[in-house]
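Going line by line, the protein sequences match chains A and B. With the first letter of the first sequence counted as 1, position 333 gets the number 332 in numbering that gives the first Met the number 0; the numbers rise by one all the way through. With the first letter of the second sequence counted as 1, position 260 gets the number 259 in numbering that gives the first Met the number 0; the numbers rise by one all the way through.
A hint or two may mislead.
Stated by the list, open to error - Mimicking DMTMM-like on lysine to aspartate or glutamate, the simulated pairs with C-alpha atoms at most 20 Å apart in a straight line are: (1) B/K83 <-> A/E370; (2) A/K363 <-> A/D293; (3) B/K89 <-> A/E128; (4) A/K91 <-> B/D120; (5) A/K183 <-> B/E28; (6) A/K437 <-> A/E375; (7) A/K183 <-> A/D124; (8) A/K66 <-> B/E27; (9) A/K77 <-> B/D94; (10) B/K257 <-> B/D316; (11) A/K437 <-> A/E370; (12) B/K83 <-> A/D236; (13) B/K139 <-> B/D94; (14) A/K363 <-> A/D286; (15) A/K186 <-> B/D256; (16) B/K83 <-> A/E121; (17) A/K275 <-> A/E335; (18) A/K95 <-> A/D17; (19) A/K77 <-> B/E28; (20) A/K91 <-> B/D135; (21) A/K66 <-> B/D256; (22) A/K66 <-> B/D179; (23) B/K448 <-> A/D236; (24) A/K320 <-> A/D374; (25) A/K218 <-> A/E335.
As the list claims (entries may be wrong) - Derived DEER-like restraints, expressed as beta-carbon distance ranges: (26) B/I212 <-> A/G163: 48 to 58 Å; (27) A/A229 <-> B/N389: 29 to 39 Å; (28) B/D316 <-> A/H426: 49 to 59 Å; (29) A/P297 <-> B/S388: 57 to 67 Å; (30) A/W192 <-> B/K89: 21 to 31 Å.
Bear in mind the hints are in silico, worked out from the structure with no lab data behind them. Bear in mind the structure is a predicted one, so any value in this text is a computation, not a measurement. Glycine residues also receive a C-beta, built at the ideal position from the N, C-alpha and C atoms.
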Amino acid sequence: MEDLAENVIRRGLDLGADYVEARIQSDVENTYTLKNGIPDTFQLSKAVGIGVRILVNGALGFASTDKLTKVDVEDLVKLAYNMARSASRLVKNPVKLSTDKTVQTSWEVKAASSPEDISPEEKFDLLLEVEHMLDPQKVGVDLPSRYMTLSHDRQEKFYVNSEGTRIHGRVPRISLWYFLTASKPGKGTLQRWTHVGESRGWEAVQEWDPPKLVSDEAKTLGKILEEGSAPPKGETDLILGSEVVGIICHESCGHPQEADRILGREAAQAGESYLKPEMIGTRIGSDHVTIVDDPTLPRSFGYYLYDDEGVSTGERVLIEKGVIRSFLHNRETAAEIGVKSNGAARAVAYSREPIIRMANTYMKPGNYTREELFDELKSGVYIKTFMEWNIDDRRYNQRYVGLEAYLIQNGEVTRPIRNPVLEVTTHSLYSSVDAVSKTVDFQAATCGKGDPQQGAPVWTGGPEIRLRRLRLGGL
Amino acid sequence: MNSNEIAALIVSQGEKAGASDVCAIVVEENKRMLRFSNNSITVLQAWNTITPTIYMSMGPRRTGCTIEDPTPEAITSAMETLTKTIRLMKPGDVDSRLPQGPFTYSTIQNNYDPRVPSSTDELTDAVAASINSALDAGAKRVSGVLAATEWNRMLRTSTGNEGREKGTLLELTVRAFVEDDSSGQGVSCSTTFQDFNPEIAGREAGTIAKMAIAPKEGKEGVYRAVLGPSIMANLLNTTALSASAYAVEIGMSYFPDKLGQRVASDTFTLIDDQQFPGGPGSHAFDDEGFPTKPTTIIQDGQLRTLLHSSYTAKKFDADLTGHGYYGGDSGIVPVPSNLMVEPGNYSKEELFEEVRNGIYVTNNWYTRFQNYQTGDFSTICRDGIFTISNGELAGPVKGLRMSDNMLRILQSIMAISKDRLWVKWWEVDIPILLSHFYVDNVRITRSTK
């Protein structure tokens, strides 16, 4: 199979391309679904093919196929070359690629316990064990809808380019996704979905303890339904839980600092950014705010060591002590802005072009214990988790609606409140942070971007943070 | 192997393995995409794939697979995995069977153009035409995506169904900017070049962007609103998906226990017509081999039917509707495919006059639900947003979000315009033919700080 990729490089250069790369990628995913206590389906997804990118006269062509014969792949190279050459007449901003070291290497994440070695029966049994724990008598609330999926996938890539880089990469991922609807007579319904995932094997599932994880969530939903009251409106101090901080870092730091958005390449769909290339060094938040994206976090859902342009990666500091420090780059945006790529180009399948993606975006911890964070508040609101959220396509106006949330009185978490709405600008949000806890936690997510859509595995995360004098909104 | 051989292999292996039912859908796709930004093409993409999809059941146990690796070895390996797993599964709740054929399938008219996916030159010309018309309308920079797809779909089931159909699709999204916060969007979606209008889409985007120059900060409140085809297409996708019986089962529908009830104003009728000539989502048969037919989901405001696959039809004791399509991790589930809203009698300008004072929202993105069952949601108002004053468009505004409830939106539809447009783009998965809507009491919020 690797010969096919090497041949792509030779054929592309023979045709006259300025740059050629090929990526043979295999993704095999197994998904087990339990719906309302009933084994619903097992689904297998297998995608094996080759993606080819060619640069001709400043025009970039990408073509892919799952027909892995020498003839089909040679036709693919010609197609990518001819498309790029033909369209170069409408290329007013010729694509250039930053200069990066060539590497010949391989990297791999090894599962301690391969999910493929665990029987399908055992996987469904685990989901049924979760279901058993969701008995209304045990969790104190009716759950008319329960939907759970357990997935594991194995991704393998062989990347080669015309500059001499050759990289093998392998990573297993495993995840649990569940969606609960809780109901109490006279109290309405609440819904909650959660996603846990890591780049590991079955050992991760055993550590998650899914029956306890999900049944604890159900109990919390019951408590909110039973005791939750309307949230206060107007100006208040807030403490946000790790889950909320994670989505904030992802949406209003990670996304606006993707350089392809900043340069307008995603304008028609995923949108642009409130930031401009010259805004490195701009203050956007308080000294307490440091946010990074790090693909190399052990166990993380978004783990990788080399991106899909063959560039090595590491921690990228996006905001440091409230100041914009760097953007996420691929080789194209790095060349345009005049920096080095920091290895953010990812493709979720052989059939997708590599584009700039976050991996694991989180806020760095501070110096506060959890007790200190709360102790200093006479009154306020604690939003631990969320359900509804969105942000505008310049990543400036955002909304998070709390799911598990409480009033704070005299430093103590007191009664639950329902659906507090935080609707705030990026600048106001980060500028309001005055304390950050010492402990960081992470959640798995699937980040959407690109056309065709590329759902990329990521972690979002952070410590608990305190924000001063923000106004809870909503009509 | 060609599609026929792949489908035959799957069905044969499934039958040998002892499956109650087995179904193979093989889609061959030849697709081109041009992406452009800042008036320049940024990347060209091409796909040439054969993707078999498998459904297999053994009594009340169901499983399935997609394989982007159309070799006999890969298919055999996948069938072995499915067989091994399904035998170890505990039974599900319903022993549903695929529809028994053979059926006679219609031929969808006007859904194939031999010029698609077309040469790069022709597609580049279309992109250039859309960019130039946006610039002529006043835009300074233009971005977008043009995709051209030729597809062939082959189906074979163990229940005697066999079908083949082909189609083409052209999809263009153009987004024009004058300033960073003055933008507009235009779309064109068609199965043939004859009905494909890149210039009109570009002009629409450029015109809205120019009208949206120097927007003021919008105000929170409850508004009479004219909602354009793009935003309504996004919202009504959630309505049609809520009519899926599977969505009702898993709690992701705002229509639980609402069948037969009034869920919208009586001016609103929503149809999924998969037989519609030239429909971007028209199909002669679903992924279970059942013949499609026009399905009225909501008629004059009343929820007339849920959408069904063979599994949900059996479970809900309902008739098949021809909506069983492969939905990834969920396997075959009921989903709509080719939506349309019955037009009203108004022009867009007459809707502005009806509203008198309110707001006009042209587009949206990032719709998220707080609770799918209650229908509480919010979505970002995107591109041109304008106040309506004394029945006419007044100044542009920005920074607004619709934070409302879908059932309330549906019940507050006051009037619909008559000129319809196919909408399908990044935020609208299921193509829908629709127009402008006048909706009363729309709740608009904004950042508080």
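Hints, one by one, checked against the model:
Distance restraint check for B/K83 and A/E370: the Cα-Cα separation of roughly 52 Å exceeds the 20 Å cut-off, and the hinted pair is therefore not satisfied. A hinted pair counts as satisfied when its Cα atoms are at most 20 Å apart, and A/K363 with A/D293 qualifies at roughly 11 Å. A hinted pair counts as satisfied when its Cα atoms are at most 20 Å apart, and B/K89 with A/E128 qualifies at roughly 13 Å. The suggested pairing of A/K91 with B/D120 holds, with an alpha-carbon distance near 16 Å, which does not exceed 20 Å.
Between A/K183 and B/E28 the CA atoms are separated by roughly 48 Å; this puts the pair beyond 20 Å, and the hint is violated. As the CA atoms of A/K437 and A/E375 are separated by approximately 16 Å, the hinted pair is consistent with the 20 Å bound. Simply put, A/K183 and A/D124 have alpha-carbon atoms about 28 Å apart, too far for the 20 Å limit, and the pair is violated. Under the criterion of a C-alpha separation no larger than 20 Å, the hint pairing A/K66 with B/E27 is consistent with the structure, at around 11 Å.
About 50 Å separates the Cα atoms of A/K77 and B/D94, which puts this hinted pair outside 20 Å; it is violated. Taking the CA atoms of B/K257 and B/D316, the gap is about 16 Å. The hint holds against a cut of 20 Å. Taking the CA atoms of A/K437 and A/E370, the gap is about 11 Å. The hint holds against a cut of 20 Å. Taken as a hint, the B/K83 and A/D236 pair is broken in the structure, with Cα atoms around 56 Å apart against an allowance of 20 Å.
Distance restraint check for B/K139 and B/D94: the Cα-Cα separation of roughly 59 Å exceeds the 20 Å cut-off, and the hinted pair is therefore not satisfied. For a cut-off of 20 Å, the pair hint linking A/K363 to A/D286 stands: about 12 Å separates their Cα positions. Only pairs whose Cα atoms come within 20 Å are accepted, and A/K186 paired with B/D256 is accepted, the gap being roughly 18 Å. A distance of roughly 13 Å separates the Cα atoms of B/K83 and A/E121; the hinted pair therefore holds under the 20 Å criterion.
Between the alpha carbons of A/K275 and A/E335 the distance comes to roughly 13 Å, so the proposed pair stays at or under 20 Å and holds. For the hint linking A/K95 to A/D17, the alpha-carbon distance of about 10 Å falls within 20 Å, and the restraint holds. Of the pairs offered as hints, the one joining A/K77 and B/E28 holds, with about 18 Å between alpha carbons and a cut-off of 20 Å not exceeded. Restraint check: the Cα-Cα separation between A/K91 and B/D135 comes to about 18 Å, which is no more than 20 Å; the hinted pair holds.
Our distance criterion of 20 Å between C-alpha atoms is broken by A/K66 and B/D256, whose separation comes to about 47 Å. Proposed proximity of A/K66 and B/D179 is contradicted: the alpha carbons are some 43 Å apart, above 20 Å. Restraint check: the Cα-Cα separation between B/K448 and A/D236 comes to about 13 Å, which is no more than 20 Å; the hinted pair holds. Of the pairs offered as hints, the one joining A/K320 and A/D374 is violated, with about 24 Å between alpha carbons and a cut-off of 20 Å exceeded.
Our distance criterion of 20 Å between C-alpha atoms is broken by A/K218 and A/E335, whose separation comes to about 52 Å. A hinted range of 48 to 58 Å holds for the C-beta pair B/I212 and A/G163, which are about 50 Å apart. Checked against the given bound of 29 to 39 Å, the beta carbons of A/A229 and B/N389, roughly 37 Å apart, stay inside it. Judged by the Cβ atoms, the range 49 to 59 Å given for B/D316 and A/H426 holds: they are separated by roughly 56 Å.
With their beta carbons about 59 Å apart, A/P297 and B/S388 fall inside the hinted range of 57 to 67 Å. Checking the proposed 21 to 31 Å range against A/W192 and B/K89 shows it holds: the Cβ atoms sit about 24 Å from each other.
The structure does not agree with the numbered hints 1, 5, 7, 9, 12, 13, 21, 22, 24, 25 stated previously, though it agrees with the rest.
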